Amino acid sequence: MNSIQQLFQQKDKNLLSIFFTAGFPKLEDTTAIISELSANGVDFIEVGLPYSDPLADGPTIQHSSSVALQNGMNLDVVFEQLQSIKETNKTPLVLMGYVNQLIKYGEDKFCQQVKDCGIDTVIIPDLPMVEYENHYQALFKKYGITNVFLITPHTSEERIRKIDSLTEAFIYVVASSSITGIKGEISQQQIDYFERINTMNLQSKLIVGFGISDQKTFATACQYANGAIIGSAFIKALDKEGVGGIGDFVNFVKS
Amino acid sequence: MKYNPDKNGYYGQFGGAFIPELLHPNVQELEDNYTDIIESESFQKEYKNLLKDYVGRPSPLYFAKRLSNKYGVNIYLKREDLNHTGAHKVNNTIGQILIAKRLGKTKIIAETGAGQHGVATATVCALMDLECVVFMGEKDIQRQAPNVARMKMLGAKVVPATSGSKTLKDATNEAIRYWIQNPDTYYLIGSVVGPHPYPDMVARLQAIISEEMKWQLKEHTGKENPDTIIACVGGGSNAAGAFYHYLDDEEVELIAVEAAGLGVDSGESAATSQLGEVGVIHGSKTILMQDEYGQIVEPYSISAGLDYPGVGPLHAFLFDEKRAKFMNATDKEALNAAYELTRLEGIIPALESAHALAVLPKMKFEKDQTIVINLSGRGDKDLETYIKHLK
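In order, the protein sequences belong to chains A and B.
First residue of the first sequence? That's 1 in my numbering, and the numbers climb one at a time after it.
First residue of the second sequence? That's 1001 in my numbering, and the numbers climb one at a time after it.
Honestly, I wouldn't trust all of these hints.
[Claimed, not checked] Partial chain A-side listing against chain B, Cβ under 10 Å, derived:
1. Pro50
2. Thr60
3. Gln62
4. Asp108
5. Asp126
6. Leu127
7. His135
8. Ala138
9. Glu157
10. Tyr172
11. Asn201
12. Lys205
Worth flagging that the hints you see were computed from the coordinates, not collected in a lab.
All values reported here derive from a predicted model rather than from experimental measurement.
We put the CB at the ideal spot given by N, CA and C, even for glycine.
Extracted from the complex, chain B is given alone in its bound form (with noise of 0.2 Å):
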């Protein structure tokens, strides 16, 4: 397949493992090890059958009638915001709970942004019995209170991010520090980002997403592929899923769209394929944003999950090849699709997957055409920010 990675990680010129020597050993078993794991049969029962009976997989897939009439043209929703857990994180958590229980591990760290991803690694690291700290960015603890509680409540430790802008970014800074001191730790990274192999392990196990999409398509319509399909990005783990068996349909129009924040030249933004460019952020080549020195710049956005000066290598690699079509949503856009949605189809949607719902009325569609948006998480977690701005 065209789009994935080579020998040493790399899509095109993205990705590689840029990272200290004291992580090789970590990486190199992850790398040995991966593929051989997941192909397995014993894996693929285990997380297929935790995926139907303890997720609630398949996820369905909703064709929203009145979103539909709407923008005239027919609207299918992939209900991710409907697994356990609340968003797509679990299917990835999930995956590679299984694998490091594989390779013998018995503590497991992540970092979070929303803590979507958070909380379904402490769910997982409670369903195994495992210890487990996630490294959460001061300002996002503070903004997604609900999630913190859960965590703590599935007994994960959480550890404040202080450093720069106390996101995203940095959570997954302070994750690899501790990875360093504690190499016998398994690191749980929740998007497709980080060094080999690490962006194709996690796309691989969000790939039941499209994997579901085509025979759910086809019960629907009588055909597997839509015309169109989008999915928001941030790190890309929800858009690489719900990409990944279409890739090589090249006439499946894929669409990921980035956060604006308060626009796109406002300098509070995280558009990052529109402000980024190639560089290495936490031990990938990829396209992320940065000042003439390299120096990484503090993204914004509405949504803490978007909220990421990087973006996966293989989106870098899918933008670069123009196979997927890079469209963003301001905070404002995506409010406004949230509330849209909650009132025509009475489902609440994460901030982050609201950035996919925002870019329906910037698109021009003919009558018969199929789109599928990947409706990632649900909203329950921004409710704080949605009753803000709803006066």
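Isolated chain A, as found in the complex (with noise of 0.2 Å):
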């Protein structure tokens, strides 16, 4: 069972994800932040791993990613931090970063760093699924890693039904045709989308993302899923008010 699956056994309602670049504001700020981020509750943590084109991401990630990369952030320096609070850490991480930088890093390499970190769960968002199944299934499955697919309001059924069977964490509902941090409420038409993954009855956990940014919109996307990431909103809130307005940040999204 992977870090995910053991904490829906534990709790299945309401899970709070948030995402952060690493090496973002400060290149030493990734293990506070997720300190931070388990010390007030957050149920589990994207580490979203800089990248100097990211195609699905908004102007607040990019902007957040190509501050990281001057910080000098890299793939060797992000693992010895995750590294060091592998002890420590009990919040479930999950990685998020493009393709070409598991390639060029070295695909099997790149995955017994992961391992090293006690991390089992990834998100690609540029792997699909069919190069997934024909070149890195049988990889992550080699070093226990688990890959998380997305879905969205365009995804057929069949697709959806496909991507279930692959998944073992869960599936990423994109909560609209729109790369991150621009949406800032859910609509009707969302909620419809929402209503027709539930009544698909998948074997797989929900967690909704994309346009999530307050209490509002995480309450109501609590409501059809089991969770909600939060990842623009969050990194412009680190951006203004530091590791230190964290607490806040999160205890507001919850209330």
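Using the hints, put the two chains back together into the complex; each one sits in its own frame.
Put into structure tokens, the structure is as follows:
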């Protein structure tokens, strides 16, 4: 059983996940951000590996990525940081990066490092299902790593069922046809889409992301899914208030 | 054909479709339909008619006598510079706009580097009365001002890409991001890059270049095949078109010329095959310029159309298989080649095409050899650069 499945055994409603970019705002902030998020009861944490050309990300995450890279963040540094808290951190971590990072770093080396950090779940938004099945599924399995797939309002039922069958952690339900951090509220159209997914009786847990920014959108998303992910809104708050403001942000969302 | 992609869009290890799930329906729709559309009689008729009456094809194959004398070899220039809008780019935009229409799309987006593809897209959108948005790097907007003005006059909206190096790579990123948010739009990619089926689709639409070269050469020389074909490569669409019908004729030497910028090892270069390694850019597995952690490196070339850190997957495969020989030319060599062609033949080439000409002094020829150089575009858009460096 992976770390996310264990989490779902203890709790499967109103799960709050926070995404942040490793190395932002400061290179050394990674471990402090994780420990603050944990201390404030965030259920699992997505650690973004900053990338030069993040196609699926909006301006806020793009900006955090480029600052992180300027700060000197790279895969060796982030893996070292994450390994340093392997024993103390109890909150499941999910790594999010782009497929080119994995290819260039070395696919086996990347997976070994992920495993050595005690991490077993990754999200690679530009790794489509067919490439995963043909080239990565066996590799990931060898290292005990599971991949999270995204579904969108335009994903066909057939494809959702296939994704469901490949899913071991959760399905990332993209709230709208959007890159991250654009939309600010949840529309009736989105609710219809969430309801449609719910009537499919999938075996996988569902976590909603994209456009979740505050207490209201988080609560709405949680009515239709097991939890939700906040990314851009958190990064904006982090940029403004620093690591010290994390508690306030998390408590506001959960209140 | 050995050089056609497989069903997942792979040329050997290169290609594929590394796209976010958000783009899956769009790319799938195109993949399901593009070959049927292109091979249909109605498409072929409309495409060929427009190429003839609107673009002005066939583009001449011109025997460049004075240039030939200088290098002691028979040099033919494939005059893509004489096409409507001034470059080969329009072959592709005519084809894709007809595909977009058949898919029922009403809004077109495109990326552009030098502005040639942007102009060619804005042109066909005006022709077909479709809405057009072109993404262009902020830096390229400055250095290619005439093309920006042309796009605007044609009714396109030009959106500056302000991320990264503010050039072609970033314009492509912004176009893809826009496409993700607006899945009802048709993304009209300008080169043999991007997720499958774009590289194959664009290569097929540019293949008209080599299709004509075959019969034109036969008229000139009695033989369909030259000894050598030379074309510049950024993403690689003009080279793909010039090579396409010769790929299986292994006796024809194919030379792809990349932009070396200030020199391959100067740190200011766009010679992807020399500096790049395997990776994924803009949805395709190929060779790209990147650091040890897979961060994409900013390329440099005086030519906005070659200033790209990757190369199409077909070209990566041709490089890997050694089917094509990859050479390069610096900014300075390209400028000199442009001045030389202008003085010898009265033709001002685009800076991109000047890179293809610039390898002539580096090559050894036998006297009766036949060379075709794909003169992909005209130099009007580069006059400011040419004037500046002429002093």
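### Query
Does the CB of tyrosine 172 of chain A sit less than 10 Å away from some CB of chain B?
holds (9 Å)
### Message
A closest beta-carbon separation below 10 Å is what the hint needs, so does histidine 135 of chain A meet it against chain B?
### Response
holds (9 Å)
#### Entry: chain B contact restraint on glutamine 62 of chain A - CB to CB distance below 10 Å
holds (6 Å)
### Task
Go through the hint on leucine 127 of chain A and say holds or violated, using the shortest Cβ distance to chain B against 10 Å.
Holds: closest Cβ of chain B sits about 7 Å from leucine 127 of chain A, inside 10 Å.
#### Entry: Status of the hint placing asparagine 201 of chain A at chain B (closest C-beta pair under 10 Å)
Cβ of asparagine 201 of chain A sits 21 Å from chain B, so the hint is violated.
### Message
Hint validation: alanine 138 of chain A versus chain B, beta carbon distance must be below 10 Å. Holds or violated?
### Response
The hint is violated - alanine 138 of chain A has no Cβ within 10 Å of chain B, the shortest such distance being about 17 Å.
### Query
Regarding the hint that glutamate 157 of chain A lies at the interface with chain B, is the smallest CB-CB distance below 10 Å?
For glutamate 157 of chain A, the interface hint is violated, since the closest Cβ of chain B sits about 13 Å away, which is over 10 Å.
### Query
Are aspartate 108 of chain A and chain B close enough, Cβ to Cβ, to be under 10 Å, as the hint says?
This hint is violated: aspartate 108 of chain A lies away from chain B, its Cβ roughly 15 Å from the closest one there, beyond 10 Å.
#### Entry: Hinted contact threonine 60 of chain A with chain B - closest CB pair below 10 Å
Violated, about 13 Å.
### Message
A closest beta-carbon separation below 10 Å is what the hint needs, so does proline 50 of chain A meet it against chain B?
### Response
holds (8 Å)
### Hinted contact aspartate 126 of chain A with chain B - closest CB pair below 10 Å
holds (5 Å)
#### Entry: Proposed interface contact between lysine 205 of chain A and chain B, which counts if any beta carbon pair is under 10 Å
violated (18 Å)
Checked against the numbered hints above, the structure breaks hints 2, 4, 8, 9, 11 and 12 and satisfies the rest.
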